[in-house]
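Chemist: What follows is the residue order along each chain.
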Amino acid sequence: MDVLGRYRNLIVLVGVLFAQVLGLAVQVKRTTDSESTRLIRVWAVGTITPLEKALVWVQTSTSYVWHNYFYLRGVRAENRSLKQEIEQMRLQQVRMSQDADQAHRLQALLAFKEQFISQTMAAQVIGGSGSEQSRSVFIDKGYADGIRPDMAVITADGVVGKIWHADPLNRHVAQVLLIDDQSSGVGGILDKSRLQGIVRGTPSGEVVLEKVMSDETVPAGEVVLTSGGDGIFPKGLLVGHVTKVAPGSELFLNIRLRPAANLNKLEEVLVVTKIDQRQAQPDQAGPARAVDILAERLPTVPPKPESTEKPAEKTAGGETAAPKTGTNLAKPPGAAASAAPDSANKPNVAPKLTPKVAPPQASANGSAATTNPTKTPSAPRPLTTTPPAAGQATATTPAPKPVKAATTPKPQTTVEDAPH
Amino acid sequence: MPLTNVAITYTSGEQVEVYRFSLPATILIPLTAVFLQAWLPLHFSFFNIFDLPLLVTIGFATARRNPLAGLFTGAAIGILQDALTHQPIGLYGISKTVVGFGASSLGIKLDVENAGARFLLTIFFYGVHEVVRFSIARGLVGLHIAWSWPHELISGVANAILGVFVFMLLDRVKQRT
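In order, the protein sequences belong to chains A and B. Just so we're aligned, residue 1 is where the first sequence starts under our numbering, counting upward by one. Just so we're aligned, residue 1 is where the second sequence starts under our numbering, counting upward by one.
Read the hints as simulated data drawn from the structure, not as lab findings. For clarity, every value in this text was computed on a predicted model and none was experimentally measured. Fair warning: there could be bad hints in the mix.
Label-pair distances were calculated between CB atoms; the ranges are [said to hold, decoys possible]:
(1) 88/A <-> 146/B: 41 to 49 Å
(2) 158/B <-> 43/A: 27 to 35 Å
(3) 108/B <-> 43/A: 47 to 55 Å
(4) 153/B <-> 25/A: 42 to 50 Å
(5) 74/A <-> 176/B: 55 to 63 Å
(6) 221/A <-> 146/B: 25 to 33 Å
A few chain B residues that face chain A, going by a derived Cβ cut-off under 10 Å, partial list only [unchecked claim]:
(7) 51
(8) 68
(9) 72
(10) 78
(11) 89
(12) 98
(13) 105
(14) 131
(15) 133
(16) 137
(17) 175
(18) 177
Here are a few chain A residues that sit away from chain B, every Cβ distance over 12 Å (derived from the structure) [what the hints assert, rightly or not]:
(19) 20
(20) 181
(21) 247
Virtual Cβ for every residue (Gly too), placed ideally from N, Cα, C.
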């Protein structure tokens, strides 16, 4: 009895430690939270997050009042420059929507299944985990708002992570596991080389792309997108850029990434609450032939100016012949339609342009295909065309699409594979 | 005062002062520490190197000088900290239990009222905390936690400097028994 009294403190210490080690061992064995640990988390989150929400509310309100009522310096100038920017973007939108339509028709020919982010929910980051080893944040939307585990979380810049905990007991709080945590994993694909791998976090908080064979060449600066293979993130979302490539272990490259989203300064995020997957449908009524689509993309030269230069070679139909280099030149509206039947009959032009479907970059910005004869050149479009109203331009887009997702047919797929 | 001249005096149990904290302080101070630890790094990423709950654990333990109170306070603060992570509950709990027990046991033996002693004590217990946590994470949970000596050294010193100020704040709310 005397011995117990003398070593009482030590015995209690051993008992408390033993209980915690036992609890830890049970948690490691189980894949999901038990009721007791779940309750501890619920209580802790329920205690801490209201304080965080209150502080964030005060911070946001103060910032709102300051920026909207007091600090309005330079707003007029900014407004003017934004209007100019909108004008530029409208012009760009016209061109890109036509490219998107064309890509859409090609996807339909290839029976390509598209993924659309059809519903998102904006949420505010209210707190972190407080540990360097657990890279996660809490958001002010939870189970009651329709948030469920494994939903993708993104920002306008790129992928942030996925929902880890969304408990019915903490109705308006959810925990997001960031992509730089060591237990996270995102299916990634290199934009240009189309090599696939797994984007993971490291214990030191870096982001790496794993499982890319060491005999591949990956340049620094290359863009990494989501591959869609993980079943969580839709295909084509921006993950980050390659910063460093080094030989790794087990025949794989050690590729380090800089995340596109600033994971250290997260304030507002979007939770992808619904993803639609459907097969692409051609917009036009009748079935499109691959040769027609390719013919539309044939480059032509602009109307000949009144000059004294040597006249260009004339085709049988009286049209100006397209240069063989595939240079992206502007043409007047309606020229593509008139050029299509002619080009379809030319045996020496169509095969040259058929081998590959244009990669997403080519169709997205309309410039990448101008120097590569193996790729389909972008359809030249005059930028001076009067832009239609915003609603008119977006009406051709079937649904909000993930970044680049809609224009990413596999580059290896040939048009010949498509059903005619 | 230069660190080399820090007076760490051996005192008997009867000589040391024992303090206590009011119930609101006992509850609110650890909660505030955990809250700030979760909130501040979002806005100031450098704050990740600090461990405010650890400093509060050491501060409470050395002031109370009661090993049982120290270990239970450490366990509670650690488990609360664990609950906010996505990792198994117990990593911070176990390490802070050990620190709470050790700091209060040492508090009985040493005079930890001056800044120099507190500085050294915090560095020492920061090291103990990290070693215990690293061992459990690696050995029991199977987590790959990066161990970097420079990082741990800088964090230890940074926590010790902050600890001196945190202990000064705690001095204001502690009450003599």
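Chemist: Would you list, in rising numerical order, the hints stated earlier that this structure does not obey?
Modeler: Hint check: 3, 4, 14, 17, 18, 19, 20 fail, others pass.
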